[in-house]
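Read off the chains here:
There are 2 protein chains.
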Amino acid sequence: MNHVGDRAQRVDAVVKVCGQAKYVDDLMERDMLYAKVFRSTIAHGWVKRIDTKKAKALPGVEAVVTFEDVPQHTFPTAGHPYHIDPKHQDVADRNLLTRSVRLWGDEIAAVIARDELTAQKALRLIEVEYEEYPPLLRAEDALKEGAREIHKGTKNIIKKSEYQLGDPEKAFQEADIIFEDEFRTSMVQHCAMENHSAYAYMDSRGRIVVCSSTQIPHICRRIVGQALGIPWGRVRVIKPYLGGGFGSKQDVVVEPLAAFLTTVVHGRPVKLELSREETFIASRVRHPVHFRFKTGVKKDGTLVGAEMRLISQNGGYASHGHSIAGKCTTTFRQIYQQHAVKCAATTVYTNTPAAGAMRGYGAPQVIFGLESHMENIARELAMDPVEFRLKNLHQVGYADPLTGLVTYTNGLAECMAKGKELIRWDDKKASREKPAGLKRRGLGMACFSYGTGTYPVSLEIAGARIVMNQDGSVQLQVGAAEIGQGSDTVLSQMAAETIGIPLEMVHIVSEQDTDISPFDTGAYASRQTYVSGLAVRKAAEEVKAKVLNWAQRMTDLPAEDLDLVDAWVVKKPGGEKVLPLARVALESYYHPVDAAPITADVSNNARVNALAYGCTFVEVEVDMAIGKVEILELYNIHDSGKLINPQLAEGQVHGGVSMGLGYALFEQLLFDEKTGKPLNNNLLDYKLMTVLDTPEMGMGFVETYEPTGPYGNKALGEPPTVSPAPAVRNAILDATGVKIDELPMSPQRLFEKFKEAGLLGEPGSK
Amino acid sequence: MNHVGDRAQRVDAVVKVCGQAKYVDDLMERDMLYAKVFRSTIAHGWVKRIDTKKAKALPGVEAVVTFEDVPQHTFPTAGHPYHIDPKHQDVADRNLLTRSVRLWGDEIAAVIARDELTAQKALRLIEVEYEEYPPLLRAEDALKEGAREIHKGTKNIIKKSEYQLGDPEKAFQEADIIFEDEFRTSMVQHCAMENHSAYAYMDSRGRIVVCSSTQIPHICRRIVGQALGIPWGRVRVIKPYLGGGFGSKQDVVVEPLAAFLTTVVHGRPVKLELSREETFIASRVRHPVHFRFKTGVKKDGTLVGAEMRLISQNGGYASHGHSIAGKCTTTFRQIYQQHAVKCAATTVYTNTPAAGAMRGYGAPQVIFGLESHMENIARELAMDPVEFRLKNLHQVGYADPLTGLVTYTNGLAECMAKGKELIRWDDKKASREKPAGLKRRGLGMACFSYGTGTYPVSLEIAGARIVMNQDGSVQLQVGAAEIGQGSDTVLSQMAAETIGIPLEMVHIVSEQDTDISPFDTGAYASRQTYVSGLAVRKAAEEVKAKVLNWAQRMTDLPAEDLDLVDAWVVKKPGGEKVLPLARVALESYYHPVDAAPITADVSNNARVNALAYGCTFVEVEVDMAIGKVEILELYNIHDSGKLINPQLAEGQVHGGVSMGLGYALFEQLLFDEKTGKPLNNNLLDYKLMTVLDTPEMGMGFVETYEPTGPYGNKALGEPPTVSPAPAVRNAILDATGVKIDELPMSPQRLFEKFKEAGLLGEPGSK
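Going down the list, the protein sequences come from chains A and B.
For the first sequence, the positions run 1443 to 2208 when the working numbering is used.
For the second sequence, the positions run 1443 to 2208 when the working numbering is used.
Some clues are possibly wrong.
Using C-beta positions, here's what the derived DEER-type ranges look like [stated by the list, open to error]:
1. H1530(B) - Y1465(A): 41 to 49 Å
2. G2016(B) - G1648(A): 33 to 41 Å
3. E1983(A) - K1495(B): 52 to 60 Å
Hints are computed from structural coordinates only; laboratory data are not their basis.
Where a beta carbon is used, it is the ideal one built from N, C-alpha and C, also for glycine.
Could you build the full structure based on these sequences and the hints that come with them?
Shown next as structure tokens:
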């Protein structure tokens, strides 16, 4: 392959480095109005009285609307494809503004003013009186008998599910040993560079145009339509470049309100941008999940049965609903073979920020639990953790009993071998001395598997349109959304590969416009290189076939004897040049009788999925006295199938591992226990990884060739963030003998755990 | 038909009336640089020396470029489709900037500055020294033996052509009477509300983006590529709404220079906008043409042979070259039958503004000559001018011997009957008294024919893309350019008609973007409703077929028994409702197995043409003492086939007739005889029709059904402007007995002619 596999420079590299790339903020109209949301200062309760008179009277205020003024359509916000069957639709549990307060910062009213400052001043003039209830900040609180319902009639349960494969009770009876563990993960936020931002206006015929920083333009269009109760075709969504999303922009957060607000001011453009403080609490967070694992094992380390029960804390609104818990229960069974499996999951409303999609979509949580649990078992069995895992891996040919999907490629064993080699696992294990002192070193590892896209849970539809220019170059239009992950580049490489032209002859249209862009549900689930890639390949194949048909007419050589290489029509085999592509393209435009420019406009419904695999190997030094973990060496090894662009693949791993380490060690959104007020919803107090916290990140790739992928490729966007946390946890265990069962493994928590374990007794005591 | 034929409101009515429509000027980037052109102050000569040092040194000036700095590719500017055969390509006779001065205001250098004022100041600091030659302001001067060549090696002739049908010499011998006449038309300018304007910048990968007020975005892209010598795919042209064009924006005037200038400043956005004064001389004008007619007639009024020789004055550059002269010679033969025809045409370079396309494309000139000549013959034969014309009309079935095109519809006889009736021709003729006094009334009429599009001279390719939304509404994308003529509206009506949905469910994408919009050569030749309409119908038929196929799957009723009416799938016959369209559309998006949104992306090469016909009937009162003509009554009657939107049709007739009357009575661009300096290139001194000069304009339509048109329609955009001038000329003749043989029929010219005819002798003498 000429382009697939090439370390091509990102097609948006220069434009981004030079500051030319246009984001929502750069596209703002002149004479824009500014909207601000009036947010609750309680976490749970009810608005008894609201008075907006003073705010309305402030000069420069164009309008103030409250929950009484908005359409009473409930709508969902999750970036999932629509389903015709209402039973499979997302939970529609919110209005544009609310009288019932379900979290601190809930959206009660909105102000539209001629400038931002006036809007902010007006917020302070709104008077509100609440009936306040004690906030239910944890799933346990919300599930207590008699707990007040955050959404009426739900008992605070969004959904429960369970499944069973084989006979777990029998398996446990046959096991030699039963292991049980409990783990908890923390609430974290995506912290994309660009906050949520949108502006909306009405066009001449009353259609609403929303320009938004969204990962899911076509879904956003649908949800704006649902929220406003108008036909979806009367909404147009435009997505320029994005300053990151990581899943938080896979929810439709600001767009429906912005769209409604422009209707209040007769279609004038209205901007609605969240501050960083608002983004933390009013966009989405990653679910804290509480796991209980139970596993039956033979003495030789063979897994025979496993059970996982989880409670996922979803916050004040359903967002992605039970899907993340569902993904946990699926991921649970897809790495290791066992005779019987049982899962039960519950997703719960609480008075905290709504949890939604975040890089990994449940996998960082469940893999933290699962791989910590596996480590505990291996150590208890006195087996090498790698050997223990290798013994139990699913193999190629594994057919998932619930999805029906067959595994055609699985490079996990090779990934582990590579990880061991890179970190010199055996040498270090062999040469290590008995741990002593307050600074101790340890080795840890953890594995993961991760699906590519969402099939068969959701529809996996993608579109691509290619238009060939007179010089043989092409425009490539996709509905897939470039959100910083590099999809524009890899999709361009694919088009160049299949058509047979240099990469610089592919001009990708980066902006998505739902009026024009082919339909694609957007950027999520590490799906784009795979699902949208299939659509690009299909369109490119159509274009190539049309070129060769024209060439046949022009040369009298049969199309099947011709090929297209580096913008030349050549003879097969041998590659003798026959015609420049530009000559064929020109003919297609200007042939007096049969002129018809070469184009393809395709849609592809990808009814496939493939598991990507990988692992993290890490060596840490734990300074127990101050609870500090230093990463000495770290390797993430990935089987993501064929790499379309190794340079971008490395970038994904860098970013994902860094995010995974923040999750492991530092990040957690905290709330005042009594009021539910967020305590650290800003970048000073929320401990995001900085460049100084970030170690050298090593990596390796095992390039299997996945036959269901367009070019042998599988997921890579999310996987790197999944396994660092349990690997670090297992390394800390290796170093200190202390089992950490909760994230983040922050200095305070480690200090407490080490103290509890007696490791920090009297100075010099151990 | 439900939508075709409906007086639907323009889809852009509200946006334009409310000032929301975006024109080039509204889309300007922040931090734009401004360019101004340094223009010659002589009309003919050569730049001996140019010094830009002082201009470059002015603070705020970013760059100054001269003819020495531009790429040395010659390029054409005409909005014609490209032709692969170089012999059929447009004349490429200019560079971006020139050392040879060919007209007053020729483009020698350009300044780029941080603001407009600085750019203007810098122009004044450029020093230039010329070698000046006497300007050749008329074709006669340029053709004189030994005249200096404006373009080397041309003898000042762009092209000559001639053809002969039958044996004219024999026909003249067989004729009872031979008539000879000579006519001259004037140089006029389009005077679109919006001047020529563009801005250009380079995107991240070095592609050049031009946002332009152009009628021909796809052709503009090609010409920018040719001018800069870069592959055409590296250029992107965006066309927002236009403030009119009338053919002047069917030339690529400012775009290539704007595109080049952004490359000089490393891709920063550069704006290049012509002032009104510049637009008059540096865009395009309508050709002054000198005609000589010779016609042989039988005593009974039967035409037997005709000859026309013309010399067309093209100005300093070729622009559309000989095409306008060619159109004159074609139009000449297409109204009246005769045994033999002979035509000879010459297009000549002169030191005047370049002449190009202007509404009517040669027809206003040739029809002024032809219909004045016909009137002279009828009067000489003492025949009623209408009877004389009726006797000689081509009939349905006429096959043009040179184009091979067959006439399927010809409503000209009915048009004349309608005109006579509306103006009460026979009554007025019968009741009139012998003319006397200085104010005299007269009746006049003139006919025209006008092709629809340019086939078979040029390629007539058009594209349309339709995307159906989940609610059954559609986006319609066309490459056809809305330039104020209403194409967005009529093409939307067509889509609504063929698909079977209400007009408000068609969302047309008005902006053209050559990266995305289907290929279409643009707005000219009254082609869009016909040629682009065929593409829209083809796309709409495909969409409808796909909808009915889905409906068949969903209902088990055969697709051929189903129809789509008003957004419902219904049974044929009877119209019983089966399924709402929105339900089908939703299925196409979300069917778990076969999801594929309903779209069509088509190209259509229209190898057809159809003659539109019509006539003007007018009654005037001539105040001979002051040379003033008052239009008492006027009717333009059109056979444009089926009217897609009668309201828009009426608007076209209003605008066209008004333009035709300005051409008849007032407009003429004048030059200083000695220097070639324009004398009235501004809206104060150039006598454009004002609303006070504009009479009530009556009209009528004869709706034939043209089988080659998508909905029975033929040209209507340009035709209304063609026949008013000769009709007024013939009415003046009727009133005064004086034959005017030159345009405009301004007070000064009329006064001189009346005086020469002795009508203004001693007061009361006649």
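Against the structure, the hints:
no.: 1; hint: H1530(B) - Y1465(A): 41 to 49 Å; verdict: holds, 46 Å
no.: 2; hint: G2016(B) - G1648(A): 33 to 41 Å; verdict: holds, 34 Å
no.: 3; hint: E1983(A) - K1495(B): 52 to 60 Å; verdict: holds, 58 Å
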